[in-house]
Each structure stands twice: as C-alpha cells, then as structure tokens.
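Participant: Protein chains in written order, with my numbering: chain A, 1 to 248; chain B, 1 to 528.
Among the hints, a few may not be true.
What the hints assert, rightly or not - Using 20 Å as the maximum straight-line C-alpha spacing, the simulated DMTMM-like pairs for lysine to aspartate or glutamate come out as follows: (1) B:LYS70 - A:GLU29; (2) B:LYS70 - A:GLU78; (3) A:LYS66 - B:GLU10; (4) A:LYS28 - B:GLU10.
It is worth saying that the hints were derived from the structure and are not from the lab. Everything numeric in this text was worked out from a predicted model, so none of it was measured.
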Amino acid sequence: MKTIALYSIKGGVGKTATAVNLSYLASKEHPPVLICDLDPQGATSFYFRIVPNKKYNSAKFLKGSKKIYNNIKGTDFEQLDLLPADFSYRNLDIELGEKKNPQKKLHQNLEELSTEYSLIFFDCPPNLTLLSESVFAASDLILVPIIPTTLSLRTYEQLISFFRENNLDTKKIRPFFTMFERRKSMHREITQSCKGRKGFMDTTIPYNSEVEKMGLYRAPLNAHLPHAPAAIAYRRLWEELAEKEQLT
Amino acid sequence: MTNPGEMRQEPQPAFFRTSLTGFGKQLCEALPVTFGCRELSSASHTVSYYDSFEWNAWKKKRVIRKKGAKLSLLDLDSGHETASCPLRSTPTHIHPGRTSHDSVRELLSGLSALRAFIRLCRLEEQTTQLHITNDNEKTVAVVALTVMTLREKQREPFSITLLSVSPLRGYGNEARQLTGELLRAGLLSEETSFPAVYKELLSAAGLTPGAYSSKPSVRLDPGEPIHNSALKLLMATFRVMQANEPWLSKDLDTEFLHDYRVAIRRTRSVLAQLKGIFPSADTERFKNEFRQLAKRTNDLRDQDVYLLAAPSLKAMLPPPLQPGLDTFLDDLRAAHKNELGKLRRYLRSRHHAELLHSWEAFLTEPQQCSPDDPPDALRPTASLAVDTIRKAWEKVLRHGRNINTEATDEELHGLRLDCKKLRYLLEFFVSLFPEKVIGPVIGYLKQLQDNLGVFVDLSVQQEYLYGYLSEKKQHPDYDALSRASIGGLITALYHEREHVRKRFHATFSHFDSEETAELFSRLFQQYR
Numbered sequence: 001m002k003t004i005a006l007y008s009i010k011g012g013v014g015k016t017a018t019a020v021n022l023s024y025l026a027s028k029e030h031p032p033v034l035i036c037d038l039d040p041q042g043a044t045s046f047y048f049r050i051v052p053n054k055k056y057n058s059a060k061f062l063k064g065s066k067k068i069y070n071n072i073k074g075t076d077f078e079q080l081d082l083l084p085a086d087f088s089y090r091n092l093d094i095e096l097g098e099k100k101n102p103q104k105k106l107h108q109n110l111e112e113l114s115t116e117y118s119l120i121f122f123d124c125p126p127n128l129t130l131l132s133e134s135v136f137a138a139s140d141l142i143l144v145p146i147i148p149t150t151l152s153l154r155t156y157e158q159l160i161s162f163f164r165e166n167n168l169d170t171k172k173i174r175p176f177f178t179m180f181e182r183r184k185s186m187h188r189e190i191t192q193s194c195k196g197r198k199g200f201m202d203t204t205i206p207y208n209s210e211v212e213k214m215g216l217y218r219a220p221l222n223a224h225l226p227h228a229p230a231a232i233a234y235r236r237l238w239e240e241l242a243e244k245e246q247l248t
Numbered sequence: 001m002t003n004p005g006e007m008r009q010e011p012q013p014a015f016f017r018t019s020l021t022g023f024g025k026q027l028c029e030a031l032p033v034t035f036g037c038r039e040l041s042s043a044s045h046t047v048s049y050y051d052s053f054e055w056n057a058w059k060k061k062r063v064i065r066k067k068g069a070k071l072s073l074l075d076l077d078s079g080h081e082t083a084s085c086p087l088r089s090t091p092t093h094i095h096p097g098r099t100s101h102d103s104v105r106e107l108l109s110g111l112s113a114l115r116a117f118i119r120l121c122r123l124e125e126q127t128t129q130l131h132i133t134n135d136n137e138k139t140v141a142v143v144a145l146t147v148m149t150l151r152e153k154q155r156e157p158f159s160i161t162l163l164s165v166s167p168l169r170g171y172g173n174e175a176r177q178l179t180g181e182l183l184r185a186g187l188l189s190e191e192t193s194f195p196a197v198y199k200e201l202l203s204a205a206g207l208t209p210g211a212y213s214s215k216p217s218v219r220l221d222p223g224e225p226i227h228n229s230a231l232k233l234l235m236a237t238f239r240v241m242q243a244n245e246p247w248l249s250k251d252l253d254t255e256f257l258h259d260y261r262v263a264i265r266r267t268r269s270v271l272a273q274l275k276g277i278f279p280s281a282d283t284e285r286f287k288n289e290f291r292q293l294a295k296r297t298n299d300l301r302d303q304d305v306y307l308l309a310a311p312s313l314k315a316m317l318p319p320p321l322q323p324g325l326d327t328f329l330d331d332l333r334a335a336h337k338n339e340l341g342k343l344r345r346y347l348r349s350r351h352h353a354e355l356l357h358s359w360e361a362f363l364t365e366p367q368q369c370s371p372d373d374p375p376d377a378l379r380p381t382a383s384l385a386v387d388t389i390r391k392a393w394e395k396v397l398r399h400g401r402n403i404n405t406e407a408t409d410e411e412l413h414g415l416r417l418d419c420k421k422l423r424y425l426l427e428f429f430v431s432l433f434p435e436k437v438i439g440p441v442i443g444y445l446k447q448l449q450d451n452l453g454v455f456v457d458l459s460v461q462q463e464y465l466y467g468y469l470s471e472k473k474q475h476p477d478y479d480a481l482s483r484a485s486i487g488g489l490i491t492a493l494y495h496e497r498e499h500v501r502k503r504f505h506a507t508f509s510h511f512d513s514e515e516t517a518e519l520f521s522r523l524f525q526q527y528r
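With the rest of the complex left out, here is chain A (with noise of 0.2 Å):
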C-alpha cells in the first residue's frame, strides 16, 4: 500500500479537485483505492454526494482502525471508496494534541486498511498543524498544487523550510503547478523558472472553468468530461506520477 497526500498551506489551489481525479484514475489501474477526506469543510465528500454516517465523528477518526472501517463508504465508482469528513474534524487538531505520539497517529490508525488498499489518498486542510505533521509522517508522497504566482510559491518555500526544521523528509514532497493561465505572464514566467527543478512534476494543470463546475454534476472530473483540457493534464499527472514512483 502507498499513501498519497495532497496538501497545501495555502487553500484554494485545486488539492480536492487533484484529490478527487488522481484518485479516480488510480482506481482503474491501481485499484482498489481509499480517499480520505480530512477537511472539515468536506469538499471530497461533497463531490461523491456522500454524507457521514450520523454518529461518525473526529474521535471515532481518532479511535483508528475499525471505527474507521465502519465508516469508510463506496463511491459510485467501482474499487473507489471514500472515509468522509465530518463537521468535527476541525478540532482534530486539538483533540490530536492529547494523544501519545500525535506525529505517528495517522499512520497507526491507517495501518489495518494497508491489505485493503493499494493506494490511499488524503486530501488535507489548507494550514499548517499537528494534522498535518501527522499526515506527513503517514504519507509516501506528499503532492504540493502551486498556483503560478509568487505568493502561492512562498508558501511552498515555507513548507520546505518547515521540513528542514524539523528533519522530515524533503524527498516525499512533489510540487506541481495548477491554475496555469497561459496569457499571464506571471504564471509564464514562474513555471519556466521552477522546470527541472528538484522535486517538482513535469505537467502542469491549466485553468479550466469545467473544474469548478465538478461542484455542479458532482463526480469526477475525468469521469464526467474526460476530455476536458484539466481532465487530460489530470490524466498525464497521474502516468506520470505513477511511472515515477512505480505505482502500476
């Protein structure tokens, strides 16, 4: 089993809708596949129009193996399941802080479903917090969406200094640019500045409104419109994520 994480510091740069179509294409290859949604706002759940089970909470997520087990649901793709977020997630951070070895938690709880999945993807809330160290421990790779502005790439420098300060791994992070406007020059200029860089994915996801319209029919992008420009960058991330880190 790998673990794949989508993160960002910043919110607002396409980790859900990365989250929800890698996912959906590794399901076809590398099946079967977990996604699971840690933010709070619960916008993976949302586009697989699914909805927690009542009773299912951050302490349940805490608890770990079973509790989760339970509560894991079938997407309306096949070999695609989903561990929804609830409402409470967004104390996960202080109830996290009261365990032993918070760092390690994810990865504990995690560890019964490694014979039930050939990949898990977690799709992380945009901030910097005791989750998030947790999520890092527990992931392979960590998938880093970069708008193409500075202010986007600032936040992907404090990551990296994050990491050093606290002796994590820096090889786990793979950055790679969404959002990408050809007419700004900007955004020009910064992925041909960053190209061959340590780290970083050869495609870049443009800008495409049908992205944001996943909100509307709600299922993946790659399954609704699979020949939408962002659904085929979506497509070549995904061959090229797996044929370099050997996922299929």
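Given chain A, work out where chain B should sit, using these hints.
Facilitator: Using the frame of chain A, we list chain B on its own:
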C-alpha cells in the same frame, strides 16, 4: 502475505426469487419516496460453467464461469469474483496443463494441475441493472434482474429469474430498507443464495456437484456375512469403472484412465485376497478377464506418466541435450494416440460388452446359500477383515526384512505389490475401524509405498528407454543428438533410482517400527 485488495470486503449481495418480469412502473412505485432510480443498463451474455470430473473447483468452494470474453473464478458462497483472465473462445474443456494461455493456466492450476475442466452447462443470461439512489442522488445499491435460461440439447428449456440487491459499501441500512419494501410489495419471494441457484442450474442440466469420488465410501457392518460385504465393495468399485469408461477415449486428462485402472486393480484385489467367498470358477474367470483388461491400458498409463513428467525430464538434461528429447516425446505422443485408438476399439467390442454385462449380473443376482457354498462366504465381515489384513501385513514385514543391504530390483518390485495388497485391504475395510487408528496406519504405509512407487516408476522408465533405443538402432532419421539425449536421460534416471534405493531401508524401518506394530495390534484388538 496478502495482496492489497484481496482483503477488501465487498458487501454481499442478497438474492431473491421474483415475480417481476422487467423493471418498470411496478418496481419504481414500490420504492420508498426517499429513493430514486438512475441509469438503466441492460446486457445479455452467454454464460458457461466449468468444473472437473471430480469437482475440484466445487470442493474448494470455487465456481469457474466464462462470461463474455472473460474466464472468472467465483467464490461459491457469495458469487463474488476472486480472480479472472481474458478468454475469447468457449472450449468444451480446458486443461490447465495443456492450454496455451498462460493466464488461464495460472487461474486454474491452483484448483487442479492434472484434471481438465469440462463445460457443465451453457445458459443465456439477460441482466437489467438499476441504480438506487438516495436524496443526494448518490447510488446506495445496485438492483439487478437476471433471467437465466439453460440451453442444453435434449432437455427442456429451464429458466430462473432472480433479483439481486448489492449495497454499496457503507449503505447496508438503505439496502435493507429497500428489500423490506420490495418484499412487502410482494415483488420478491423467498431469499435464496448463489450456491443454491448454481446447484439448481446444474441439477437442471442433470448434474450433482461433488457426486463423483474415485474412492467411494462403503459403510460395512462388522457382523454381516463377508459375501454380502464383498459384493457391496465390488459394486461400488464397478460404479467407478462405469463412470470413467465413457470418458477414456476422449483423453481430456490422464485421471479418467488412472481412476479406471485403480478400480480394476481394486476389483482384482478383492477377488484374489478374499478367498473362499465366491465359487472359485467365477473368481478365476473374472480375475483373468480383469487382468486382461488392465493389460490393455498398461502402455497408455506409462505413456501418460512420461508425458506428464516431460518438463521435469527435460530439466534433468544439460541445456544442449534438451532439444534432442523432442523426437522421443513426439514418438511417445504418436504411440499414445495409437494405443488410445486400440483401446477405443476394444471398449466398443462385443467381448467387452459381455464382460460388463456378466460382471454386473454376478454382482446383482441373488445368490442362494447352500451346503456347496464356498467355505468362508458366511463368515462375519470383521473377523475375515482382521485375518486378511494381519496376513498381508505380516507378509510385508517378512518380505521387507528379508531384503538385504543391496535391495535388488526384484525384491523391491515384489514388496511394492505386497504393499499395494495391504493398502487395498485397509481401504476396503476402513469403515470397520476407528479413523484415529486406521488413518495413521494408512499414512505410514503410504510413505513406504511412495518410496517403492518412485523406485519402480524410475525402473520402468529406464526399461522403456532401452527398448526405444534398440528399436531406433537402424533408423536413419534418428540423429546423434537424439541418441545422446536418451543416453543422458537413462543416466539421470539411473542415478535418481539408486538414490531412492538407498533411502529404502530408512523408509522401511520407519514402517517396521514399534509404533506401527502398536497401531496394527490396536486394529486387530477391535474384533477379538
């Protein structure tokens, strides 16, 4: 180590008999208001099921299904697919050891490497699927209506209509609510299961899964006259012969002939070893007839054993000599085909039909008791069982102990036959003794038989090769490489046989031990 995904627990579908003939107004009206329907897909397929003659898949709780261009293994209890591979054709049988499709071999060889999987039945399956959604328009269950129609020649068309409800993971409650409503609306009748439906289909095709066994269990009564018990044993053995005989000429796999030969040997063994039970003229006649019949299959079996071992025989030779064996194997296949033709003709002969007929008559016709009866016919089964087993066991010990350090071919050949006789006796009378005593006895004997069996096989193979070489001596097409390969093979087989010979004394003393003697004496004490 489990592969990821193997453990992923899919929710189990529930199967119901239904009066519905199609999805329409009826079903949608019966749905609770919180549910909706989406996407109606319809497909029709020809489905074939396969299993071996001795039901290897069924016994391992698996079902082999060919549907569309895919061959799948299903779990018998749930009907869930556990593995699959692509397969375009729909053959009448698939032999994992003979198929050219690597993926098919991989899929089936875990069930049996020796047996062919034969097509059991063929049916038309028409499936209509409906996605049941909740108020979020999220699919919570898939409902499928399947009409299966069995199409078999010379049989009435048979059909079953099923409705399955498969909840998506995490939506068990919704699926239960749904089936509850459909049951209340009278659209579903009793719940059934995948194995029940599979069994029903097979039964409609005239088949009973698991019905065949090459060693039928015959319950014997210790006090019953041995004459009756022997008839029961012979009858069960005859049924095994009859079951296999029609398949012999088809040569789908080697085990039909193997089981057939074992049945003949067991028959001969009863006739020879349970003396004084039947009139001696009858005994002599049938013993002779069955010996002749067995002889007609000897070469075929030797060739089968050779051809099964072909890959390992090749591996015994250094790579440059390996291609030289191909001519030999081709000749062997040709000889096998020829022998099979001879046997096929013989089995159709009047003489053979008369033998079967008179044997069945001998077994079924009531035989009158009279003062002229053979002396032991009325002895209780158990007492005769103990006596004959004791005699056969003592013979194995006497002959085995007489074998000196050299252990000649003749001595080992002879002992092998003694062991076989003892083994058959133990198996005939197995039902008279407690399993925990007779089980280990057979186990110890089997170890000894394995050693002797391998020894004799290796001897027979060498002899066959010597014969083959001298036959080919004058043949102009037979080149040096082929001769060298045969020579190499004889050498390799020789060394292996000598290795087995060296192990003989250790194996025998394992059998000739206090522990085994204790087991035998407990066996005999059973009916003192």
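Participant: Take the hints in turn and mark each one as holding or not.
Facilitator: For each hint, the structure was consulted:
no., hint, result
1, B:LYS70 - A:GLU29, "holds, 18 Å"
2, B:LYS70 - A:GLU78, "holds, 18 Å"
3, A:LYS66 - B:GLU10, "holds, 16 Å"
4, A:LYS28 - B:GLU10, "holds, 17 Å"
Comparing the model with each earlier hint shows no violations; every hint is respected.
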